[in-house]
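**Student:** Please model the entire structure based on the sequences and the hints provided.
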Amino acid sequence: MKIGKKLIISLLALTLGTLLIVFAGFYAIIGDLRGDIQTQYEKIRTGAEQTIEEGLYAQDSDSLGVLADMQIEVTDSRLGIVSDAVRQSAEYAEKLYASPADYLNSAYDPVHLSKAPDTLSARYMFSAGVQETDKLYEELKLLSNMEEIFAPIMKYNSRFLDNLYVGTASGIFYQYTDNNVFLEKYVVTQRHWYLNSTASPDEVMWKETEIDSYGRPCITASIAVKNPAGKVVAVVAADVKFEQMMSNVIGSGLGETGTTFLLGKTRDLLAYSDFMKDVEAHGGLYNAFEDHFADPETVRKQIEDCAFGDGEAFPAELDGKEIYMTAREIPSTGWLLCTAINAEEVTEPIGAVTAQSDELFDDARKEMTAEFKTMILKAAIAFVMIVLLVAVIAYFISRTISKPIVKLTDTVKSTGKGDFDKKSDIDTRDEIGDLARGFNKMQDDLKLYTENLKTVTADKERISAELNVATQIQADMLPRIFPPFPQKKEIDLYASMTPAKEVGGDFYDFFLIDDDHLALVMADVSGKGVPAALFMMVTKILINERTLSGDTPAEILSVVNDRICANNDADMFVTVWLGILEISTGKITAANAGHDDPAVYRAGGEFAIVKNRHGPVIGAMEGMVYHDFTIDLQPGDKLFLYTDGVPEATNADEKMFTLDGMLNVLNESRDLSPQEILGAVWDRVNAFVGDAPQFDDLTMLCIELKELGSDMKTRVFPAENDKLHEVSAFVGEYLEAHDCPMKTQMQIDLCLEEVFVNIANYAYGDGKGDVEVRLSAKDNTVTLTLIDKGKAFDPLQREDPDVSLSAEARKIGGLGIFLVKKNMDKVDYRREDDKNIITMQKSW
Amino acid sequence: MDITTNKNGTALTICISGRLDTQTAPALEKTLDDNLPGATSITFDLAGLTYTSSAGLRVFMKARKAMQGQDDVRLIHVCDDIIEILEMTGFTELMTVEKDDETLK
Numbered sequence: 001m002k003i004g005k006k007l008i009i010s011l012l013a014l015t016l017g018t019l020l021i022v023f024a025g026f027y028a029i030i031g032d033l034r035g036d037i038q039t040q041y042e043k044i045r046t047g048a049e050q051t052i053e054e055g056l057y058a059q060d061s062d063s064l065g066v067l068a069d070m071q072i073e074v075t076d077s078r079l080g081i082v083s084d085a086v087r088q089s090a091e092y093a094e095k096l097y098a099s100p101a102d103y104l105n106s107a108y109d110p111v112h113l114s115k116a117p118d119t120l121s122a123r124y125m126f127s128a129g130v131q132e133t134d135k136l137y138e139e140l141k142l143l144s145n146m147e148e149i150f151a152p153i154m155k156y157n158s159r160f161l162d163n164l165y166v167g168t169a170s171g172i173f174y175q176y177t178d179n180n181v182f183l184e185k186y187v188v189t190q191r192h193w194y195l196n197s198t199a200s201p202d203e204v205m206w207k208e209t210e211i212d213s214y215g216r217p218c219i220t221a222s223i224a225v226k227n228p229a230g231k232v233v234a235v236v237a238a239d240v241k242f243e244q245m246m247s248n249v250i251g252s253g254l255g256e257t258g259t260t261f262l263l264g265k266t267r268d269l270l271a272y273s274d275f276m277k278d279v280e281a282h283g284g285l286y287n288a289f290e291d292h293f294a295d296p297e298t299v300r301k302q303i304e305d306c307a308f309g310d311g312e313a314f315p316a317e318l319d320g321k322e323i324y325m326t327a328r329e330i331p332s333t334g335w336l337l338c339t340a341i342n343a344e345e346v347t348e349p350i351g352a353v354t355a356q357s358d359e360l361f362d363d364a365r366k367e368m369t370a371e372f373k374t375m376i377l378k379a380a381i382a383f384v385m386i387v388l389l390v391a392v393i394a395y396f397i398s399r400t401i402s403k404p405i406v407k408l409t410d411t412v413k414s415t416g417k418g419d420f421d422k423k424s425d426i427d428t429r430d431e432i433g434d435l436a437r438g439f440n441k442m443q444d445d446l447k448l449y450t451e452n453l454k455t456v457t458a459d460k461e462r463i464s465a466e467l468n469v470a471t472q473i474q475a476d477m478l479p480r481i482f483p484p485f486p487q488k489k490e491i492d493l494y495a496s497m498t499p500a501k502e503v504g505g506d507f508y509d510f511f512l513i514d515d516d517h518l519a520l521v522m523a524d525v526s527g528k529g530v531p532a533a534l535f536m537m538v539t540k541i542l543i544n545e546r547t548l549s550g551d552t553p554a555e556i557l558s559v560v561n562d563r564i565c566a567n568n569d570a571d572m573f574v575t576v577w578l579g580i581l582e583i584s585t586g587k588i589t590a591a592n593a594g595h596d597d598p599a600v601y602r603a604g605g606e607f608a609i610v611k612n613r614h615g616p617v618i619g620a621m622e623g624m625v626y627h628d629f630t631i632d633l634q635p636g637d638k639l640f641l642y643t644d645g646v647p648e649a650t651n652a653d654e655k656m657f658t659l660d661g662m663l664n665v666l667n668e669s670r671d672l673s674p675q676e677i678l679g680a681v682w683d684r685v686n687a688f689v690g691d692a693p694q695f696d697d698l699t700m701l702c703i704e705l706k707e708l709g710s711d712m713k714t715r716v717f718p719a720e721n722d723k724l725h726e727v728s729a730f731v732g733e734y735l736e737a738h739d740c741p742m743k744t745q746m747q748i749d750l751c752l753e754e755v756f757v758n759i760a761n762y763a764y765g766d767g768k769g770d771v772e773v774r775l776s777a778k779d780n781t782v783t784l785t786l787i788d789k790g791k792a793f794d795p796l797q798r799e800d801p802d803v804s805l806s807a808e809a810r811k812i813g814g815l816g817i818f819l820v821k822k823n824m825d826k827v828d829y830r831r832e833d834d835k836n837i838i839t840m841q842k843s844w
Numbered sequence: 845m846d847i848t849t850n851k852n853g854t855a856l857t858i859c860i861s862g863r864l865d866t867q868t869a870p871a872l873e874k875t876l877d878d879n880l881p882g883a884t885s886i887t888f889d890l891a892g893l894t895y896t897s898s899a900g901l902r903v904f905m906k907a908r909k910a911m912q913g914q915d916d917v918r919l920i921h922v923c924d925d926i927i928e929i930l931e932m933t934g935f936t937e938l939m940t941v942e943k944d945d946e947t948l949k
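Taken in sequence, the protein lines are chains A and B. At position 1 of the first sequence the residue is numbered 1 (this note's numbering), and the sequence of numbers has no breaks. To convert, count from 1 in the second sequence and add 844; that's this note's numbering.
To be clear, the hints were calculated from the coordinates, so they are not data collected in a lab. Where a beta carbon is used, it is the ideal one built from N, C-alpha and C, also for glycine. Do not rely on the hints blindly, as some may be mistaken.
As the list claims (entries may be wrong) - Stretches of chain A that chain B covers, calculated by requiring three or more beta carbons in the stretch to come under 8 Å of a beta carbon on chain B:
| no. | region |
| --- | --- |
| 1 | 715-724 |
| 2 | 802-809 |
Stated by the list, open to error - Once the Cα atoms are required to be at most 30 Å apart in a straight line, the calculated DSBU-like pairs of lysine-lysine come out as:
| no. | chain 1 | residue 1 | chain 2 | residue 2 |
| --- | --- | --- | --- | --- |
| 3 | B | 851 | A | 743 |
| 4 | B | 909 | A | 822 |
| 5 | A | 723 | A | 826 |
| 6 | A | 743 | A | 791 |
| 7 | A | 822 | B | 851 |
| 8 | B | 906 | A | 743 |
| 9 | A | 821 | A | 713 |
| 10 | A | 423 | A | 441 |
| 11 | A | 822 | B | 874 |
| 12 | B | 851 | B | 906 |
| 13 | B | 906 | A | 723 |
| 14 | A | 768 | B | 874 |
| 15 | A | 821 | B | 906 |
| 16 | A | 155 | A | 241 |
| 17 | A | 373 | A | 403 |
| 18 | A | 743 | A | 821 |
| 19 | B | 874 | A | 811 |
| 20 | A | 489 | A | 587 |
| 21 | B | 909 | A | 821 |
| 22 | A | 743 | B | 943 |
| 23 | A | 321 | B | 909 |
| 24 | A | 723 | B | 874 |
| 25 | A | 743 | A | 488 |
**Tutor:** So, in C-alpha cells, the structure goes:
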C-alpha cells in the first residue's frame with residue numbers, strides 16, 4: 001500500500017476512534033441528564049403538590065370560615081326580622097287586648113278560611129268544637145285589627161314569610177296569608193307553636209323544622225300575647241318559608257361542591273341542600289344526620305368544637321366523600337350552621353396544577369427530547385464533518401508527505417532508465433529531503449561512473465567485436481555444412497567445435513583429397529585465445545595444403561612440423577590426429593602427433609579407444625618422424641575424434657568427465673547418427689559441468705562408414721593362374737549384378753585377367769601368395785582393386801609395346817598391361833604397407 | 845574352349861570356340877605347335893570364340909611369326925569385341941582379320 005493511503009487510513013481511524021468515544025460519552029451523559037431531570041421534576045412536583053395542598057387547605061379553611069360567618073350573619077338577620085315581626089305583632093295584639101274598645105269599630109272584616117281567596121288576605125276559622133258565640137265574634141272583631149300590622153309585614157317579607165297568624169286561647173285562628181288550606185280538625189291550642197309559647201311566654205320561640213299544615217317544611221317563630229293581667233290570651237306566630245329563607249344560605253356554598261347545612265338544638269339536621277328530596281323520600285322528617293355522616297357522634301362533637309372553639313375547618317366524611325367543614329352558632333336560635341366543601345375540590349387545583357405542571361414538564365421533556373435529538377443530530381453532523389475534515393486534512397498531509405516520495409520515485413525510475421540529468425527538486429528539511437539530496441549526489445556519481453564505464457566498455461566492446469569477428473573467421477574456416485558430401489552415400493559425418501573463450505585453439509577439418517579419399521583432421525593448439533586461433537589457422541592451412549599433395553599422413557605431419565617449427569617463435573605447439581579414409585575400402589591411414597587416441601565403434605560392438613603409435617606434438621622440434629598406421633572400417637563402423645576438452649571437462653567439484661564417461665555416453669548413443677552422437681556427448685558434458693565455466697574447447701568429429709563404395713566385395717584368391725576362372729567368375733557375377741554391359745564385362749574381365757596373371761606370374765617369384773580382389777561399383781562405375789603382398793612392382797611402369805611395328809619386329813607377348821591401360825578408364829598402382837595395390841576403374 | 849583342327853595340305857584350319865585365356869591358351873598353343881610343320885597358311889576360325897586375352901593374342905602372334913606374310917594368317921568369323929582388341933593391339937595390320945559375316949582386309 002502507498003504511504004499516502006496508509007497515512008490517510010491511520011488518521012481517519014484515529015479520528016473515528018476518538019469521535020466514537022466522545023460521541024458515546026456525550027450520548028451517555030445526555031441519557032443520564034434526562035434521567036436526572038425526570039427525577040428532579042418528580043421531587044419538585046411532589047413538593048409543589050404538598051405546598052399547594054397545604055396552601056389550598058389554609059385558603060379553603062379561611063374561605064369556609066368567612067362564608068360561614070357571612071351566612072350566619074344573613075341567617076341571623078333574617079331570623080331576626082321574623083323574630084321582630086312576631087314580637088311587634090304580639091305587642092300590637094297586647095295593645096288590642098289592653099284597650100279593646102278602641103279597636104272594636106274597625107272596618108276589617110276577615111273571611112272564613114274556607115272561603116278565603118288565593119290572594120294575600122286576612123281570614124279566620126275556629127278550632128274544631130269551639131262554640132261560636134258573640135263574644136267569640138267580638139274577639140274576632142278585635143283581632144281583625146291585626147291586619148293593621150300583619151298586612152305591611154307580609155307585604156314586605158312575603159319572600160320568606162309564609163304567613164302570620166294569631167291563635168287565641170278561645171279558639172280563634174286568625175291568619176294573614178295567601179294560602180287557603182282549611183283544616184277542619186285544627187285545634188289552635190294543641191299546636192306546638194301555641195304550646196311552646198304558652199310554656200315560655202316571654203320570648204320568641206322557634207319551632208324547629210316541621211312539615212306544616214300545608215305539607216311544607218317550615219319553621220315557626222311564636223310569642224305569647226298577654227292581657228294586661230299578664231295572662232296569655234293568645235299566641236302570635238309566623239311560618240317561615242324555610243326553603244326560601246335558607247335557599248340563599250343553604251344554596252350558597254364554596255366552590256362547586258360546597259354545601260351548607262343547619263343543625264338544630266338537638267344537633268339534628270334542620271336544613272340542607274337535598275332536604276326536600278329526603279323528606280319526600282322518607283315521607284316526612286327523619287334524622288338525616290346519622291344517614292349522611294359516617295361517624296355522627298364524632299362529627300357532632302367536632303362541629304361543636306368548631307362552632308364554639310377556634311372555628312377552624314376540619315375534615316370529615318359526608319355521604320362517603322371527604323369534606324372540609326366549619327361550623328358557627330346562630331345566636332338568635334342557638335342553631336349551628338355548617339359549611340363544607342369536598343376535599344376533592346380543595347385538592348382539585350392541585351390536580352390541575354399537577355396536570356398543567358405535568359403537561360408543562362411533558363412539553364419540556366418533549367422539547368428536551370427534541371433538543372437532545374437535535375443535539376445528537378448536530379453531534380452526528382459534526383462527527384461526519386469532522387471525519388470529512390480529517391479526511392481532507394489527512395489527504396493533504398499525506399500528499400505533503402507522499403508527493404515528494406512520488407516525485408523521488410519518478411526520479412529514481414527515470415534514473416533507472418539511464419536519465420541521470422533529471423534531478424529531484426525536493427528541498428525539504430526532512431528525511432525525504434536528505435534522501436533526495438543523497439539521491440542527486442548518487443546520480444552525479446552514477447553519471448560520472450557510467451561515463452567512465454562507457455569509455456571502458458567501448459574499448460572492451462571494440463575488442464569484443466574484433467574477437468567476435470575472429471571467432472567468426474575461425475568458425476568459417478571450419479567446414480560447417482552438414483552433410484558435407486551429399487553425393488557420398490558411403491559416409492555420414494558430423495563435427496562441432498565449442499570454444500571456451502571467444503576464440504579457441506581447437507580445430508577439426510575434413511576434405512576430399514580425391515573422389516575416394518577423405519582427409520580427417522582433429523587438432524588442439526596449446527593455449528587459448530587469439531594466439532592459439534592464429535596458430536590453429538596456420539596449422540590447418542598447412543595440413544590441408546600438404547594433404548592435397550598426396551603424401552601419407554606421416555609424411556604430411558613431418559613436413560608440417562618442420563614448417564611450423566621454422567617460424568615458431570611463440571613456442572606454441574599443436575597436437576594433431578590426421579587420417580585419410582579410402583572411402584571405397586573403409587581403410588583409414590592415419591598418423592598421430594601427440595593427440596588423444598580416437599574411439600572406434602565396430603558394427604554390432606562397442607566404442608573403444610584404439611591406441612596407435614604417437615609421434616611428438618607439432619611445433620616442438622624440427623625433424624620429427626611420424627608413422628602411419630591403419631584403421632579399417634567396415635560398413636556400420638564409426639570413428640569418433642575429439643580433443644582433450646571432452647574427457648577433461650571439469651565440473652564445480654573439480655571432477656573430470658573422464659574418458660570412461662565419454663565412452664559411456666558414446667556407447668549409450670552408439671546406434672544413433674554421428675550428429676546425434678555428438679549432440680548426446682555435448683549434452684552429457686554440459687550436464688556434468690553444470691555451472692562451472694567451460695575451461696577448454698569442446699571439439700568432436702564423428703564419421704560413420706555406411707557402405708564400402710556402395711556394394712563392395714572383397715575376396716582373397718591364391719595368386720595362381722589356375723584360379724583365373726574363379727576370379728573371373730567372382731568378378732563376372734559382380735558385374736552381372738551391377739547390370740554391366742556385355743562388352744564392358746568382357747573388357748573388365750580381360751583387364752582382371754591380365755593383372756591377376758601378372759601378379760600370379762611375378763609377384764611372389766617362386767613362392768606362393770594371395771591376391772585380394774576388391775570390387776566396388778557405383779553409378780555405372782566399377783572399381784577393381786588387386787592387392788598382393790609380393791615384391792614391389794609397378795607393372796604400369798613398363799613401356800607400352802609399339803603396335804605399329806611389323807610382325808617380325810614385334811614380341812610375342814607383353815600386351816597384357818597395355819590392354820589394361822587401353823581398356824580401363826583409370827589404372828593406378830601404389831605400394832602401401834608392403835603391398836602392391838592396383839586399382840582400375842571402368843565406367844559405362 | 846573347344847579346338848578342332850583341319851589340315852588340308854599346307855592349309856591349316858583351327859576352329860576355336862569359348863574363352864581363350866591364360867588358362868586355355870596353352871592348349872591352343874600346343875595344337876598350333878603340333879600342326880605347324882608343313883603348313884603355309886593358318887586360318888583361325890573364331891566363330892565360337894567370345895573372349896581372348898593377351899594369352900590368346902600371343903598364340904596368334906606366334907602363328908603369324910611362323911608364316912611368311914600377312915595373308916598367311918587369317919582370323920575369320922571374328923566377333924566385334926575381339927576385332928576391337930585386335931585393332932587396339934595392331935594385329936589387324938599384321939594378319940588378315942575377317943568379321944563374322946564378311947572378310948576384312
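**Student:** Could you run down the list of hints and mark each one as holding or not?
**Tutor:** Evaluated hints:
1. 715-724: holds (count 3)
2. 802-809: holds (count 6)
3. 851/B to 743/A: 33 Å, violated
4. 909/B to 822/A: 24 Å, holds
5. 723/A to 826/A: 25 Å, holds
6. 743/A to 791/A: 33 Å, violated
7. 822/A to 851/B: This hinted pair is violated, its Cα atoms lying about 36 Å apart.
8. 906/B to 743/A: 26 Å, holds
9. 821/A to 713/A: The given pair, whose Cα atoms are some 23 Å apart, holds under the 30 Å limit.
10. 423/A to 441/A: Holds, at roughly 9 Å.
11. 822/A to 874/B: 29 Å, holds
12. 851/B to 906/B: 18 Å, holds
13. 906/B to 723/A: 25 Å, holds
14. 768/A to 874/B: Satisfied, since the Cα-Cα distance of roughly 27 Å is no more than 30 Å.
15. 821/A to 906/B: Holds: residue 821/A and residue 906/B sit about 23 Å apart, inside 30 Å.
16. 155/A to 241/A: 14 Å, holds
17. 373/A to 403/A: 43 Å, violated
18. 743/A to 821/A: 16 Å, holds
19. 874/B to 811/A: 19 Å, holds
20. 489/A to 587/A: 16 Å, holds
21. 909/B to 821/A: 25 Å, holds
22. 743/A to 943/B: 17 Å, holds
23. 321/A to 909/B: Not satisfied, since the Cα-Cα distance of roughly 200 Å exceeds 30 Å.
24. 723/A to 874/B: 21 Å, holds
25. 743/A to 488/A: 28 Å, holds
The structure fails to meet hints 3, 6, 7, 17 and 23 from the earlier list, while all remaining hints are met.
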